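*Asks:* Spelled out, the chains give:
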Amino acid sequence: MSISISRDETFIQEYEEAIKTPSQLADWQLFKQSYQIAETMKVPSFKDLVAPKFLPHLEFLPHQLECAEKVIQHMNGRALLADEVGLGKTIEAGLILKEYMLRGLVQKVLILVPASLVNQWALELNQKFLIPAVTSGKRVDWQNTNILISTLDTAKSVRHRQTILEQDYDFVIVDEAHKLKNHKTKNFQFVQQLSKKYCLLLTATPVQNKLTDIFNLISLLKPGYLGTYEDFIKQYKEQKRKVDEDPYLKQLISKVMVRNRRSDTGVHWTKREIETIWVPFTDQELETYHQVEQFFKHNTAISSITYVREFCSSREACYLSIKKWIQQQETINLPEVKGLLAAIEQLPHHAKALKLVELIKSSDEKFIVFTEYRATQIYLQWLLQQEKIPAVIYRGGFKKGKKDWMRQLFQNHAQVMIATEAAGEGINLQFCHRLINYDLPWNPMRLEQRIGRIHRFGQENDVKIYNFALKNTVDEQVMNLLYNKIQLFENVIGHLEQILSDLNLPNIEREVEQIFEESKSVGESKIKLDNLTSVIQSYQQDNEAKEHLL
Amino acid sequence: MITNLNDFLHQYFTIHDCEVITESNTEMTIRLTRELDQVLMNRPFYWHYMDKIGRAGEPMSLYLDTSTEKKDNNKEWIHFGSPRLQQIFHHIKQNARFTILYEETNGESKTPLHPWLVTNIMVHYRGKQKKESIHSIGLQLINGIMKANMMKHMDEFTMDLRMSDYSFTISPIIKPVSGLRRIFNYLENFLLEEDMQWVEESKKALSEEIQLLNYFFHQQEENKEILEKEKERLTERLEPRIEIEFINAGLFYLTEKSSQIIIKRDYEAGTKE
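So the protein sequences, as listed, match chains A and B.
The first sequence begins at 1 in my numbering and counts up by one.
The second sequence begins at 1001 in my numbering and counts up by one.
Simulated from the structure, these hints should not be mistaken for laboratory data.
Everything numeric in this text was worked out from a predicted model, so none of it was measured.
Incorrect hints may have been included.
What the hints assert, rightly or not - Pairwise CB distance ranges, derived in the manner of DEER restraints:
#: 1; chain 1: A; residue 1: Asn146; chain 2: B; residue 2: His1048; range: 24 to 30 Å
#: 2; chain 1: B; residue 1: Lys1204; chain 2: A; residue 2: Ile5; range: 17 to 23 Å
#: 3; chain 1: A; residue 1: Val357; chain 2: B; residue 2: His1048; range: 56 to 62 Å
#: 4; chain 1: B; residue 1: Phe1045; chain 2: A; residue 2: Gln189; range: 57 to 63 Å
#: 5; chain 1: A; residue 1: Ala115; chain 2: B; residue 2: Val1020; range: 45 to 51 Å
#: 6; chain 1: A; residue 1: Lys388; chain 2: B; residue 2: Met1060; range: 29 to 35 Å
#: 7; chain 1: A; residue 1: Asp141; chain 2: B; residue 2: Lys1204; range: 36 to 42 Å
#: 8; chain 1: B; residue 1: His1048; chain 2: A; residue 2: Ile5; range: 44 to 50 Å
Don't be surprised by glycine CBs; every beta carbon is placed ideally from N, CA and C.
Start from the sequences and build out the full structure, keeping to the hints where you can.
*Replies:* Written as structure tokens, this is what we have:
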């Protein structure tokens, strides 16, 4: 067996030079120390991971270590990581990257992640893995930065595309790789063209349900492994086969994909306990609620749903938005509007807000409160202040420094954080284990993102979630028909995004709004909502059945 | 092997003339010298400015804790993965590549010192996976005797950058540079005798993947460039090869007695050659 052996010839030249200059000579202790360092840092075997030894502050879970070993030893560093949501794919990717760096195989790295996760990745790599990763800011230097985190959109943009394609990367990571499932898209072609040695694609959606999706992703990692696109389509489409019906294909895929499920990690997951808190409006409030509803029903051009929703959140939210509406009107029945505004103004409180105060006062725990409206956020902050409950606010639009500061204030001083947006920035609030959905978003994805802030990896306590809903209002319908039915609170809905896009329902919030707008009666909206959730539910069950087969 | 990081660091800072205050088994405070401040504290402008206004400048102190777990103190936690230790390691490696050392004698009688070439070498095995091995090889430059585990042999001797009084050196017959080549040749032959299964496996994996690659792109004229690039990177990733890299090397002058001890002694366990 022949093998190429290369010698360090430059060392000989350097040696000749150095021994002529006494100042370059090392003393005996230092000479020994250098040898000791090499002995300590060497990678003694092809097999065992060395990275955990260098990261004593991290505790890896068994499935994460197994994943890294599998990817490095059996997949030669090109793999699809498709763990279920919340099992720590970022940790697995970080561990694999660190291992390759320690083995001296990787220097230049490109990490492409969704915009909302860029900072989160940078934080995790730097703080947890001690990997000096940089985010692509305004003046990004693709050539001279070793480890860069960017978004797919930035990287493939006309401004940067060419420079990036000229680089030779040792390691490329693409998070949310389901964006690469179609080989005709710019995203796919861009990643295909990247010059890369090792490559990880991360996704939480079960791509294996769609044959062409999995084909395309694998063709980025191991072109030709599943044949050409034409072969593949012919073979599987004609026979109308699915991945789970074909043990041979399943076997093939398992050699390039790691997919852990919560149930087989053997890790104890803290529970999430859900409680719906039904709040009745006072008679006066309920009357005003109907007044708002009627008012906008009469102005037929526009739907009342936005305003009654806001009214369910706070007087302020509704009031401000009606004022805005008035400004946009050319002709208006002034006495009627004034009457409406006066009715809102006269309300002393808001039933939900009082309930919130009562709940928080009954406990010493920290609470994170989510609301959909900024006006409500400000009102709640004022109200809590009156009650001497220390609270901070949090918005997606805050600058990074302010976000970190608010998080710290919440951790160390405040009892309550009132937030409007959860998704924007991936802040971790594991120290908190009580969450209040003061009002419900009509998009279940947003809800999961909210819960995910506290019920995630590293949460050591059971998590308690309170959902506020007003009796006899639109709140009640959404709660009963949309949420309880698809059991959103109980399940981690990692698949929902996929389900909604498969069902061609990318904007579920809009769907629900439309149902309310177009229905002439409460009964009609109930039936329509029921239909919508049934579709999601049946698809969900279908998918679960498939998943279990695989 | 570094078995006690605390001792290792203590030694490092002492070698570099820093004042080290030991506070506990794991905690230490180091008053840096200007030299180490410049190496470790990353504040070139400060020193530039001090030089410009003609002031001496004040080196900083380091407060380190070598515990295996991070403690809640105001010390900097230093461990094998920490950037600070990497920085120190780097500094040592850069400055300990070459040396000429003389064995210490009592300085009372005329003592001839025999030349040895001492080399420490890292071998990188790169294929589907990667591993490393370290070889410490000594070559007596008069008679050409070669010894493995040289650093282990050297452990008991005290070496110095200056020659003791009344010692004198015997000139090498084998020139150090050709000695280095001899060691290369010897090591190469040794490596070729090793188990080559990993080479076979890597070659097999590489050729399989290249076949798949060719097949995948065979009807895609427009993607020829991608194919070529993929092939190139694939080869880089999987092709088996060995790289021999020097950690450091030096000319060591040893007494006749020490030379003989080394030549006669054999380390059975762990002897590679």
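*Asks:* So, for every hint listed, does it hold in this structure?
*Replies:* Taking the hints in turn, this is what the structure says about them:
Checked against the hint of 24 to 30 Å, the pair asparagine 146 (chain A) and histidine 1048 (chain B) passes, with Cβ atoms roughly 26 Å apart. For lysine 1204 (chain B) and isoleucine 5 (chain A), the hinted distance range of 17 to 23 Å is satisfied, since their beta carbons lie about 20 Å from each other. Between valine 357 (chain A) and histidine 1048 (chain B) the Cβ separation comes to about 59 Å, which falls inside the hinted range of 56 to 62 Å. Judged by the Cβ atoms, the range 57 to 63 Å given for phenylalanine 1045 (chain B) and glutamine 189 (chain A) is violated: they are separated by roughly 46 Å.
Judged by the Cβ atoms, the range 45 to 51 Å given for alanine 115 (chain A) and valine 1020 (chain B) holds: they are separated by roughly 48 Å. In this structure, lysine 388 (chain A) and methionine 1060 (chain B) break the distance hint of 29 to 35 Å, their C-beta atoms being roughly 45 Å apart. Hint check: aspartate 141 (chain A) to lysine 1204 (chain B), Cβ distance near 40 Å, so the stated range 36 to 42 Å holds. Between histidine 1048 (chain B) and isoleucine 5 (chain A) the beta carbon distance is about 45 Å. The supplied range of 44 to 50 Å therefore holds.
The structure shown violates the earlier hints numbered 4, 6.
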